[in-house]
Each structure stands twice: as C-alpha cells, then as structure tokens.
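From first to last, the protein sequence lines are chains E and L. With the UniProt record's numbering applied, the first sequence closes on residue 308, and no number is skipped along the way. With the UniProt record's numbering applied, the second sequence closes on residue 308, and no number is skipped along the way.
Treat the hints with care, as some may be off.
What the hints assert, rightly or not - From the derived model, a few chain L residues whose C-beta atoms are all more than 10 Å from chain E:
(1) Arg36
(2) Ser37
(3) Ile60
(4) Gly67
(5) Thr89
(6) Arg178
(7) Glu219
(8) Glu277
To be verified - List time: in silico SDA-like cross-link candidates among lysine to any residue, alpha-carbon distance up to 25 Å:
(9) E:Lys292 - L:Arg198
(10) L:Lys129 - E:Ile22
(11) E:Lys64 - L:Lys81
(12) L:Lys185 - E:Glu230
(13) E:Lys193 - L:Arg244
(14) L:Lys193 - E:Arg198
(15) L:Lys292 - L:Arg159
(16) L:Lys64 - L:Arg159
(17) L:Lys185 - E:Leu195
(18) L:Lys193 - E:Ile22
(19) E:Lys182 - E:Asp170
(20) L:Lys81 - L:Ile162
(21) E:Lys193 - L:Val191
(22) E:Lys193 - L:Arg192
(23) L:Lys193 - E:Lys146
(24) L:Lys193 - E:Leu223
(25) L:Lys193 - E:Glu219
(26) L:Lys193 - E:Leu276
(27) E:Lys129 - L:Lys64
(28) L:Lys292 - E:Asp201
(29) L:Lys81 - E:Lys146
(30) E:Lys292 - L:Pro197
(31) E:Lys193 - L:Lys292
(32) E:Lys146 - L:Ala42
(33) L:Lys193 - E:Glu277
(34) L:Lys193 - L:Glu230
(35) L:Lys292 - E:Lys182
(36) L:Lys64 - E:Thr100
(37) E:Lys193 - L:Asp103
(38) L:Lys64 - E:Thr130
(39) L:Lys193 - E:His190
(40) E:Lys116 - E:Val28
Calculated directly from the structure, the hints in this document are not laboratory data. Beta carbons: idealized from backbone N, C-alpha and C, even for Gly.
There are 2 protein chains.
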Amino acid sequence: MMLDWKPRRPDMLIDPFGLGRIVQDGLVFRQNFSIRSYEIGADRTASIETLMNHLQETAINHCKSAGLLGEGFGATPEMCKKNLIWVVTRMQVVFDRYPTWGDVVQVDTWVSASGKNGMRRDWLVSDSKTGEVLTRASSVWVMMNKLTRRLSKIPEEVRGEIEPYFMNSDPVVAEDSRRLVKLDKSMAEHVRKGLTPRWSDLDVNQHVNNVKYIGWILESAPLPVLETHELSSMTLEYRRECGRESILQSLTTVSDSSVGDLVNVGEIECQHLLQLEEGSEIVRGRTQWRPKYAKSFGNVGQIPAESA
Amino acid sequence: MMLDWKPRRPDMLIDPFGLGRIVQDGLVFRQNFSIRSYEIGADRTASIETLMNHLQETAINHCKSAGLLGEGFGATPEMCKKNLIWVVTRMQVVFDRYPTWGDVVQVDTWVSASGKNGMRRDWLVSDSKTGEVLTRASSVWVMMNKLTRRLSKIPEEVRGEIEPYFMNSDPVVAEDSRRLVKLDKSMAEHVRKGLTPRWSDLDVNQHVNNVKYIGWILESAPLPVLETHELSSMTLEYRRECGRESILQSLTTVSDSSVGDLVNVGEIECQHLLQLEEGSEIVRGRTQWRPKYAKSFGNVGQIPAESA
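Kindly produce the complete structure, drawing on both the sequences and the hints.
Encoded structure:
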C-alpha cells in the first residue's frame, strides 16, 4: 500500500463540523464519524447499514469537495449535461471489527480506473484513535443514461473531468473471482416475501437507495445466524434498479460448505438473491459470517460468561 | 423563555467530534449534528426518524455528560441498583422547518419535574448558522421496574441524583390537552398489517426503539398525504412496550376536520394507532400536516414550477 495510514489527530481539528476534507495530495477524501447511540444494534456495535451509509456519504462528499458535483447526486457537470449518472455494479466489503457507540471512525476514500469504462472506488475505515483498520471496501461503478436507463461508455469530456482524480493503486479488497450463483426460489431455504419500499426508503431520485438493498438481503438471513454470528464479508452484484412500486423477495441459502451448525461456532457462508416478485434479479450476493466474540480475522475466541 | 438561545459559533470549536457538551450553568446539554446525505428523503429534507434520533442521542449524551449514566442506557447508578429504567409516556413535537443535507443543527435539551413522579425533557433544535428554531419537542418520562415491567414512583435516592439537574421552565411545546381517541379497526381508513421488527430495529435491550414506532405510525399515512404534505406536529402517547416477537398493525384515519382534500392544499389532521394484532394498544397518536412548500407556520405559499 503506497499510502501512509497513520492517524493524524491534530489534523482532525481542521474539520470541526465533521464534513470531511481532501488529504494525500488531493486524491484521498477523509471524513470522521462518531458512532451514535441510534446507529448501534442489539450487539451494541454499529449496524451494517450505518457502516454502508458512511461509505455512501464519503463518496458523495468526495465528489462535492473535488468540485465534481453537478446538480445531480454524485454526477459531474459533464455527466449532468449528458443525462448520465453513476450506478454501482459490484461491491465487496470486509468487516474486520465493528465499532461501538462513542467510537470515532475515520473513513478514507479514493477512486481509480476500472477497465475501460468503469471506475473503482475504495474505502478504508479505521479507528481514529488507534489507526486499527475496521472495514475495507471496494466497488465498481459504470455510467447509465438517466432517460434510457441503458449503460453508457465514459464520454471523453467526462473522462477529462474525472481522470485527474484517479489513483494508481490496487484494490483494498482483492477481487473475489468466484461466480455468484443465481439462487432458485425452489432451492432457497429462507424467503422473505412482500418487501416494499417505505416512503422513507426513497432517495432524492425516488429510487431505493443501494444501502436499503443490503438491509433487505440481510433480512432473510436465518435468525440463528444473526444471533450467533456477525457479518465478516460480503460480495454484491447489482443487476437492476428497483423503484417505489416494486415488490421484492429476499432469498437466502446457507452453503453446504459452512463449517459447524448454525447455533455453534464455525464460519458460515450464505448465498443471497433479491428479486422482484415476477422474478427479475435485483442483487445477487454472498456473505461470510464469523461467530460473535471471535474477534477479528476468524480467530475463534471464548464467549463471555454473561452472554453464554 | 429564560434562556439565551443565540447561537455561539466560536464555542462550537470546543466540540470538534460532535459529541456535545453541557452549557448554561450545567443545566442544558448541547450537541451539533450535520445532516448527512443518507438522512434525507425524497424531499431532500431530513427524515422524521433522523430528527427523532437526534433527540434520543442528545438525551442519552446529556445523562452521560452529567455522570448520570449507570451501566444501563440512560439510567442513573441508583436506578440501576433498583432495576429501574426510564420509559417515555408522552411526546409532543412541532416541526417548524426541516433542515436539508449539509445543514448543521444545534440541539439543546434539558429536564424539569413533571408532576410528582415524572420528568419532563424538552428539546429545542435550531439552525446553527442563523439560530432559527427548526423543531421543538417536549416529553414526559416515568420509571418502570425492569423485572416486573410495572411503573414505579421515583425513589428518594434517585430523586437526589436527578433533582439538581431540573430546570424551572415551561415546556417548549404547550400541552395539547385534547384527548387522543382510540381508533377502532373498523373505523380506520388506512391499515398496514403484519409489521414485524427487523433484527436491526432492536436496541441493546432487545426492545423496539421508540423512534421505530414513529416510522410505523407514519407508514400507514396515505401516500397522497406523504406526497403533498409535510408533518408539522405530532402528539404521541406510549401505552405499552413491544418486543422482538410482536406483530403490529398501524391504523390511520384522516380527520373530518381536515381542510381541503388530500391532494390539494390545506392542513390535514390524522389519528393513529399502533397496536398488536390481538388488539393491545402500543401507541396512540395525532399528527398535523401542512402542504409542502408552504414554508413554516402554516403560511401557504406557491408550489415551485419544477414540481407542479
């Protein structure tokens, strides 16, 4: 890694309102977030949605700080002219440790080229006090025409706007090259039907926000898994958008390759599919889960007496 | 109002991490929040849940800063010894103006006596730049025994802990003394059935957080109201708690007294009931809605051309 990730406490005072700023020769955007009481769940650790929201927020603020925000939400001025928007096609996240209430996390994000017509955005989330890495994420984005809803090449004018911001670095999460299988409704062991966007789930484009998809995917994970395990990593493939009228189903299958039974210690792997009731795939996903209290990196530890 | 509400910009630098601090001779707790992209909805303004979360967060941080937090979530050391927790019984909120993405709001909160065995907590939310009041809220809390789940008087030892923090002030929202009617299932025009807490809706006590109730209540408001109006005030009466196994129904009736039809300009009043499927009441509520773009204080303005 070519970057110097040591936390810089005195610098943080430059950002008293927590709105973030550009660091590292203008290529990395950094923002701190304190974890609030309403962002933690039953485990007293920050919820997945909170962590994913921090990623989304820094991505948008990065564009804004770099002067790359046109009238749209994350689109550059040239993209706005051409009715282009960014859509995420792939997201990989590794959760090493979950922060808890009162912790301050530092989120660093930057972009790179991804193939000929894509952009990769990486994030590195660390504990602002100790510098310990908490979460790593890597995502691929392409352009879509807002009117036709078809994918588009990156026009030269847009490339000229964004290329100066590209870093030349490897992804922070190595690409998971295993194919994501298409789950079959008849195969899926756990199904949540009739999921409908709430009014409050819609973003300013009247679309369901990517982060909500993740909530729905985890929704169909079996309760014994949620109770005994924590998400250690996930790979998501976004295949179609859904709107406010959509009715969704969330399917989950626990893989045969999972070690141990659900309520016991052992790593668990799940396959997921979020689809429209009529069958169109919205998101395919794969998640890995480690036993709670196992600490980071799959080091299986003891369950504290109070929760045993 | 005995307090001086002028915003004090230079002070804010004392709180670079946005964790808040005690001001006003030790009786008022103040914390700033910047509104993030994922906290705004389709209208580009902060969601009700976000605003209510800010109230919850400052209430807890107030107790923490005052050294009144035992092992529990908002309970004092003496309360912990006696297995007592705070439960909210009534909440009144007035939304004068909704903040938008990037705004920094200042939340002030303080407590007062409420009758013999209650505590009132007030909040005043203002724009940190201009000092304009955005939201006012007033709530009543009583004590419950965590084991028996029965209400309790305030024991003398607890009173000794909390009384030094009581302010002698009028509520920031005048009490709405109109009775909240019990909605009948057969009467209710809008019903959302089968609402179940998601794993992520549970707090550290494995209970559904008060703020989630509000989301469910607004869930059954008719879409034409949500599309054309914004919540201007609400009164809630919390009658029973619900746990993770609960299945709920959210009922709403638009009052006859509402002016104009739903999709037209005019103030709207709704009655709400959140209940268990078997009938037990969880929350009764009443909400007032004003046309969008009407600005504050019911001043009906013009709808901008782009959204007409």
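Original post:
Given the hint that Lys193 (chain L) pairs with Leu276 (chain E), does the C-alpha gap stay at or below 25 Å?
Top reply: Distance of about 21 Å is within 25 Å: holds.
Subject >> Distance restraint between Lys64 (chain L) and Thr130 (chain E), which requires alpha-carbon spacing of 25 Å or less >> reply: The hint holds at about 23 Å.
**OP:** For the pair supplied as a hint, Lys129 (chain E) and Lys64 (chain L), confirm whether the alpha-carbon distance does not exceed 25 Å.
**Re:** holds (21 Å)
**OP:** Say whether it holds or is violated: Ile60 (chain L) keeps its Cβ farther than 10 Å from all Cβ of chain E.
**Re:** violated (5 Å)
Original post:
CA of Lys292 (chain E) to CA of Pro197 (chain L), is that 25 Å or under?
Top reply: At roughly 22 Å apart (the allowed maximum being 25 Å), Pro197 (chain L) and Lys292 (chain E) satisfy the hint.
Original post:
Holds or violated: Lys129 (chain L) with Ile22 (chain E), Cα cutoff 25 Å?
Top reply: Holds, at about 24 Å.
Original post:
Is the hinted pair Lys292 (chain E) and Arg198 (chain L) satisfied, with a Cα-Cα distance of at most 25 Å?
Top reply: holds (19 Å)
Original post:
Do the alpha carbons of Lys292 (chain L) and Lys182 (chain E) lie within 25 Å of each other, as the hint requires?
Top reply: violated (43 Å)
Original post:
Given the hint that Lys64 (chain L) pairs with Thr100 (chain E), does the C-alpha gap stay at or below 25 Å?
Top reply: Roughly 16 Å between the alpha carbons, so the hint for Lys64 (chain L) and Thr100 (chain E) holds.
Original post:
Does the structure keep Lys185 (chain L) and Leu195 (chain E) at a Cα separation of 25 Å or less?
Top reply: With a Cα-Cα distance of about 24 Å, the restraint between Lys185 (chain L) and Leu195 (chain E) holds, given a limit of 25 Å.
Original post:
Looking at Glu219 (chain L) again, its CB stays over 10 Å from all of chain E?
Top reply: At roughly 6 Å from the nearest Cβ of chain E, Glu219 (chain L) sits no farther out than 10 Å, so the non-interface label is violated.
Subject >> Minimum Cβ-Cβ distance from Ser37 (chain L) to chain E exceeds 10 Å >> reply: Given a closest Cβ separation of 5 Å, the condition is violated.
Checked against the numbered hints listed earlier, the structure breaks hints 1, 2, 3, 7, 11, 12, 15, 18, 19, 23, 29, 31, 35, 37; every other hint is satisfied.
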